[in-house]
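Q: Could you put together the complete structure from these sequences and hints?
Residue numbers (the numbering used here), protein chains in the order written: chain A, 790 to 973; chain B, 112 to 294.
Worth double-checking, as some hints may not be accurate.
[What the hints assert, rightly or not] Here are the simulated SDA-like pairs of lysine to any residue, each with C-alpha atoms no more than 20 Å apart in a straight line:
| no. | chain 1 | residue 1 | chain 2 | residue 2 |
| --- | --- | --- | --- | --- |
| 1 | A | 932 | A | 904 |
| 2 | A | 887 | A | 823 |
| 3 | B | 253 | B | 243 |
| 4 | A | 932 | B | 263 |
| 5 | A | 932 | A | 889 |
| 6 | B | 253 | A | 942 |
I should point out that these hints are in silico values taken from the structure, not numbers from a laboratory.
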Amino acid sequence: MIEGSVVDLRALEMDDIDRCYRWINDREVTRFLSMRYQTPYAAEESWLRDRISRAMSFTNRVMFAIVTKDGRHIGNCDLFDASPEERKAHLGIMIGEKDSWSQGFGTDAMLTMLRFAFDEMNLNRVELRVYAFNERAIRCYEKCGFVHEVTLRQEQYIDGVYHDAYLMGCLRDEFYALHGKTPA
Amino acid sequence: MIEGMLVNLRQRELTDHVRTYAWLNDREVTRFHPTRYAYSLAYEEAHYRLDTSSGQTRERAAFAIDTKERLHIGNCGLTLQYAESGSAELGIMVGDTSYWDRGYGTDAVRILVRFGFESMNLHRIALAVYDFNARGVASYRKAGFVDEGRRRQAHYHRGCYGDTVVMSILREEYAAGAGRGMA
Numbered sequence: 790m791i792e793g794s795v796v797d798l799r800a801l802e803m804d805d806i807d808r809c810y811r812w813i814n815d816r817e818v819t820r821f822l823s824m825r826y827q828t829p830y831a832a833e834e835s836w837l838r839d840r841i842s843r844a845m846s847f848t849n850r851v852m853f854a855i856v857t858k859d860g861r862h863i864g865n866c867d868l869f870d871a872s873p874e875e876r877k878a879h880l881g882i883m884i885g886e887k888d889s890w891s892q893g894f895g896t897d898a899m900l901t902m903l904r905f906a907f908d909e910m911n912l913n914r915v916e917l918r919v920y921a922f923n924e925r926a927i928r929c930y931e932k933c934g935f936v937h938e939v940t941l942r943q944e945q946y947i948d949g950v951y952h953d954a955y956l957m958g959c960l961r962d963e964f965y966a967l968h969g970k971t972p973a
Numbered sequence: 112m113i114e115g116m117l118v119n120l121r122q123r124e125l126t127d128h129v130r131t132y133a134w135l136n137d138r139e140v141t142r143f144h145p146t147r148y149a150y151s152l153a154y155e156e157a158h159y160r161l162d163t164s165s166g167q168t169r170e171r172a173a174f175a176i177d178t179k180e181r182l183h184i185g186n187c188g189l190t191l192q193y194a195e196s197g198s199a200e201l202g203i204m205v206g207d208t209s210y211w212d213r214g215y216g217t218d219a220v221r222i223l224v225r226f227g228f229e230s231m232n233l234h235r236i237a238l239a240v241y242d243f244n245a246r247g248v249a250s251y252r253k254a255g256f257v258d259e260g261r262r263r264q265a266h267y268h269r270g271c272y273g274d275t276v277v278m279s280i281l282r283e284e285y286a287a288g289a290g291r292g293m294a
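A: Structure follows, in structure tokens:
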């Protein structure tokens, strides 16, 4: 388990299936993700089983359950497509429990995962993609140290309208300058 | 076959693998290409055998670039990223360096873009290019692409980190004549 200030990150387990299934079929949640079709329970179950049947590693997806200090599983986050040569990876996060939005849990999960990415995986850059209308998330990412780098114009079609997506990047030096280097 | 001013785009054939193999092992070419490990001729042949046995798909429309004299000088293609928004990524390599800086690549990009919008009914075509590839950036601008930003230190190539520039052209820009010298 990796400890943050208000959340911890732990490996996902099969017991987490019901929450994962509920979240990815909740349109209020998936509106901000690249998901739109309903996911059958069996599909989510086999995805999770496949995901957790292999240990996390640099080149395999590093995926965590986000758990509050009182033990409540509220979302998932991951680092994927890590490139050893380019020392970069993509980051994804979902707070599936909507009553846990806007309380700093997501930001703390991000900071904890970024520190893991830079301190443990020795990455130089972490990148993410976010829809331009997801202002709450963009504010959170900026707080964490992400910089809006690219506007992918009209890249997404959601709820009947084309939307821009942003690419945001966080470099290790900038992260340490903003949040401090981990004490030795 | 799709006809341009200087080049034609045609289906890829198995025999193209020999030239592609040579280009992917040419350091001058791969300076601008995300290739770092050496490819074997056998690997390239196997790749081509698989690719040419299925032909083009809506997920991946790959072409060989020929001059009007039917000399194979490069490859290009469109890869669908999001079916719902009609967003695809364009890739191109002019492997025969004697055809650089002569408008052949720009012509290939223009007709590939036309294929994307008029045959595949795309909404957006994007590409990524290394920041130091000034020839590439200039060519894409000429073909109507717009800079969208740069992913900082996103690639590591020949000893240093560099930015990757992202560019795109939208359907409405194409329809308004962008990249065809009449906008």
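Q: Run every hint past the structure and note whether it holds.
A: Each hint, compared with the structure:
1. A:932 to A:904: 14 Å, holds
2. A:887 to A:823: Given pair residue 887 of chain A, residue 823 of chain A holds - Cα atoms ~18 Å apart, limit 20 Å.
3. B:253 to B:243: Given pair residue 253 of chain B, residue 243 of chain B holds - Cα atoms ~17 Å apart, limit 20 Å.
4. A:932 to B:263: 18 Å, holds
5. A:932 to A:889: The hint holds at about 18 Å.
6. B:253 to A:942: 19 Å, holds
Violated hints: none; the structure is consistent with every hint.
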